[in-house]
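Student: Work the whole structure out from these sequences, hints included.
2 protein chains.
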Amino acid sequence: MRQLSGMDAAFLSLETSNSTGHVGSISILDPSGMSEPFDLAHLTAMLEGRLGKIPMFRRRLKDVPLGLDHPFWVDDVDFDLEFHIREVGLPAPGSQKQLTDQVCRLHARPLDRKRPLWEVYLISGLEHGKIAVYMKVHHAMIDGASGVELLNVLIDLSPNPEFKDDPIPFRPRKEPSARALLAKGAIGLASRPVDALRIAGTLVRVAPTLGKAVTPFAQLLRRRRNSGDGEIIQTANNRPPETPFNGQISAHRRLGISHAALSDVRKVKSTFGTSVNDVVLAISAGALRRWLDQRGALPAEPLITMIPVSVRDESQRSSMGNKVSAMFTPLPTNISDPVKRLLACNQTTQAAKSAQAAIPPGLVDGVTNFAPPLLMARAARVAFETGLIYRLYPSNLVISNVPGPDVQAYMGGAKLEAIYPVSVILDGQGLNITVQGYRGQLNFGLLADREMVPDVDRLAAYLIDELDLLIAAADKKIAADTTHKSTPRKKSATA
Amino acid sequence: MRQLSGMDAAFLSLETSNSTGHVGSISILDPSGMSEPFDLAHLTAMLEGRLGKIPMFRRRLKDVPLGLDHPFWVDDVDFDLEFHIREVGLPAPGSQKQLTDQVCRLHARPLDRKRPLWEVYLISGLEHGKIAVYMKVHHAMIDGASGVELLNVLIDLSPNPEFKDDPIPFRPRKEPSARALLAKGAIGLASRPVDALRIAGTLVRVAPTLGKAVTPFAQLLRRRRNSGDGEIIQTANNRPPETPFNGQISAHRRLGISHAALSDVRKVKSTFGTSVNDVVLAISAGALRRWLDQRGALPAEPLITMIPVSVRDESQRSSMGNKVSAMFTPLPTNISDPVKRLLACNQTTQAAKSAQAAIPPGLVDGVTNFAPPLLMARAARVAFETGLIYRLYPSNLVISNVPGPDVQAYMGGAKLEAIYPVSVILDGQGLNITVQGYRGQLNFGLLADREMVPDVDRLAAYLIDELDLLIAAADKKIAADTTHKSTPRKKSATA
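So the sequences go chain by chain: A and B. Numbering-wise (UniProt numbering), the first sequence opens with residue 1 and increments by one. Numbering-wise (UniProt numbering), the second sequence opens with residue 1 and increments by one.
It is possible that part of the hints are untrue.
One copy or two, it doesn't matter: identical chains are merged, so the pair holds either way.
[Stated by the list, open to error] The list that follows gives simulated cross-link-like pairs (lysine-lysine, DSS-like), each with its CA atoms no further than 27 Å apart:
1. K477 to K114
2. K114 to K62
3. K114 to K97
4. K130 to K415
5. K476 to K62
6. K130 to K476
7. K130 to K97
8. K476 to K267
9. K174 to K340
10. K130 to K477
11. K340 to K476
12. K476 to K53
13. K62 to K340
14. K53 to K174
15. K267 to K477
16. K114 to K340
Treat the hints as calculated values from the structure; they're not laboratory data.
Tutor: See the structure below:
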């Protein structure tokens, strides 16, 4: 029986009538090569056969009496798989807009705290015979499960996965009594020294109401993290300017998705000597600039973005936890020229890198192992934490870049065409841009508050428009360089 | 600016994390005769053109500061029609089970208190080219709107309805200030005598925690109702027996639907000299008996059901409010023979009728005007009230019979084939059977707690099985009577 950490419990406490504590993803599948239909029974059989490998999927929260301590995870003796796996269709024609409308309604709903904290939706009726699988998993849970376990449940690298019968039959352990939980000793406040971390964990929960007073405890919280995980790289010293998406959020969401070829992004990156991350930041800055300008809401100074970055090094690759830290950096929304904007992004991230000895590698570049859900959760976790204390370390939005495999993957025998992330927004931070790399493609998922950014699909499209501008600039530069290079060669040839 | 009554406000206060305060309906439509597609744009255009006729659809709640008084209805200056009209599809094959699964997930979700309290879902992909429209409306709102207004929005008696542009352009009145609400005088507690009704209204909200102590106030509440509306006809003096569906409900629902030909029901009714209501009660008792018996949970004594009944008389027909009272009556689940069960139902309702001078007419028989949503809301309202005080007037379930027109109706130009009610369940009363009459058909909608009655669709099917038994018994009796009658005639012929 595992107890939630203070931070896990804080994720639960963060949920309000407006904000939810889960992350999601949309997988787009092509079932055309399958011999059997990809229906609810198929997805259920697949998940059922794999549940034994992921015990957290059959555990639910058990509160300690009177809330005297953090909750525990206990086996759900009434586990009901049908509750967790659902189906829904898209009306004709099954457009991308209809898909994102459907998903953001599902994403806006909190998970039921009385059951294991995950749901999977099979969404049929997508254009061109495609189907989608939307999955949502609570942070507090995903943190307990390893990313590898979670992946084994849904994604394969083979088109003919085995749906074995549950190798470990589910024999739920009886739910502990209230007395047993109290006796667990975790709350023996009278008999042992006060646990500073637990107190700190509690303070995280009440931090938003405490404001400035929480500073020393926030420092305490930061101090307890070591090995770079969760550390904050501060490259922006200014407070973020005001924008329409930095206020109290509503209970409703908008989701925008778009995608770009990684080869295009790489062409831009190589031509201008930047990184893939820099290109992502530059097109985000360009899209935001365009959107804000149209509303007459473009601040004179740059926006400030929080960027979760991986600090995992080779020696940690096989260890379970991902190492994630956060970078707070200015986003050059004040620069109108796309190329100048890209170079400014590069300068900023260079500065951030030199500010820390352990250089955070670009999240797409050079990361080959495949663990998007966990990484995404970690990234969002940092967002949560910093959202909590955003008065101390504020940013206008989160831009997160999650790596993925270059090889073709499958889900339940269907070709996985793309995975779009559906992340988290918070009071004060009503916009999140997360990028998921997969099979030579960058898939953008933009989650926003419904009222703050009603046209987030437009913002998603602007990202691609901005990339097109950079591709054109790169082509021009390549042509110029070739002319420039060939001219001397010609000269030497004629010499 | 209209203020909510104490009872309206009580409906809002009744909503918990497990129970919701709205009623719903599923309309099954056949769009095959239409010249244009019945899509989201079509439904939106229809509703948009009619919103002016139903002001409540653009009003939202406005709380009085510090909760000092009941909320007010104010124009929603940010009214966003797109939020209220949504679409979703059913995956293939679009079965009835897939429809009810989808609807009960939608029905389990509370309405957003910050917006006008209604939602409409266009559900496509139903078998045989049909579509469904699911509508949910909060009680607190439906009570303010007249049933006629509400009907005009969605249902027509002509296949070519006019979708006129909103005849009354929406010019929302500015939201009143907190000061204005306080100045409204409604909370001048110090300056005027304490309002007994308001105090009673407040007590209704806390009644479940007060238990027995609330009795005198419950009496006060009942005393304030006159003209039969809301009065309770008590024909059962026993406490209801224990059944699996009388406990604390969860946040999740199951929905079962089935339908029967009114001609079949009438044949049974006429053959055995009972009413349509009696037949509905008898088949409900039979289905419940069967379901409980299978679980080894059939009580020796009859269940007790609450039946909302209309007490409207001819002089009130043109007045707006429907007159609804409630009958608490034993349901002969202890009788195994279907015909004896039917006759027992008849005796019980006869007893109830003689217990009250104003005889409650059968809700299907003789009621010709068409106001199902309002009637349904009223019925559920009585269920709410009595649910609140169910320790005083307890019942095992609600069985409600709602009238409808005999003529063909239309929605947005599509043929209306059936309307299934989706009602309300409460703590202590986790099952509701509501019957909606329409065009020679009885449509049953059974709403249950997901965990208490996971197979509510089976219960819905048992209703029809039980009706079949009664039809067979009626045929047998008719045949016997004919033989009996013809024998003497033959005799007299030979005499």
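Student: Could you run down the list of hints and mark each one as holding or not?
Tutor: Each hint, compared with the structure:
In this assembly of identical chains, K477 and K114 lie within 27 Å of each other by CA distance neither inside one copy nor across copies; the values are 58 Å within and 53 Å between. Taking the shortest Cα distances, K114 and K62 sit within 27 Å of each other inside one copy (8 Å), while across copies they are farther apart (32 Å). For the identical chains of this complex, K114 and K97 are inter-copy neighbours only, at 25 Å across copies versus 32 Å inside a copy, given an alpha-carbon limit of 27 Å. In the homo-oligomer, the alpha carbons of K130 and K415 lie at most 27 Å apart inside one protomer (10 Å), although the nearest pairing across protomers, at 32 Å, exceeds that limit.
For the identical chains of this complex, K476 and K62 are neighbours neither inside a copy (61 Å) nor across copies (58 Å), given an alpha-carbon limit of 27 Å. For a Cα distance limit of 27 Å, the shortest separation of K130 from K476 qualifies neither inside one copy, at 37 Å, nor across copies, at 55 Å. Taking identical chains as interchangeable, the C-alpha atoms of K130 and K97 lie at most 27 Å apart whether they share a chain (14 Å) or sit on different chains (23 Å). Within a single copy, K476 and K267 get their C-alpha atoms as close as 12 Å, which meets the 27 Å cut-off; across copies the closest is 85 Å, which misses it.
In this assembly of identical chains, K174 and K340 lie within 27 Å of each other by CA distance neither inside one copy nor across copies; the values are 62 Å within and 46 Å between. In this homomeric assembly, K130 and K477 never come within 27 Å of each other (Cα to Cα): the closest approach is 39 Å inside a single copy and 58 Å across copies. In this homomeric assembly, K340 and K476 come within 27 Å of each other (Cα to Cα) only inside a single copy, at 15 Å, whereas the closest approach across copies is 91 Å. Proximity of K476 and K53 under a CA criterion of 27 Å is satisfied in neither setting, with 52 Å inside one chain copy and 60 Å between copies.
In this homomeric assembly, K62 and K340 never come within 27 Å of each other (Cα to Cα): the closest approach is 54 Å inside a single copy and 49 Å across copies. When the C-alpha separation of K53 and K174 is checked against a cutoff of 27 Å, the pair qualifies only within one copy, where the shortest distance is 20 Å, while the shortest distance between copies is 57 Å. In the homo-oligomer, the alpha carbons of K267 and K477 lie at most 27 Å apart inside one protomer (11 Å), although the nearest pairing across protomers, at 87 Å, exceeds that limit. Within a single copy, K114 and K340 get their C-alpha atoms no closer than 52 Å, and across copies no closer than 44 Å, so neither meets the 27 Å cut-off.
Going down the numbered hints, you'll see the structure goes against 1, 5, 6, 9, 10, 12, 13, 16, while the others check out.
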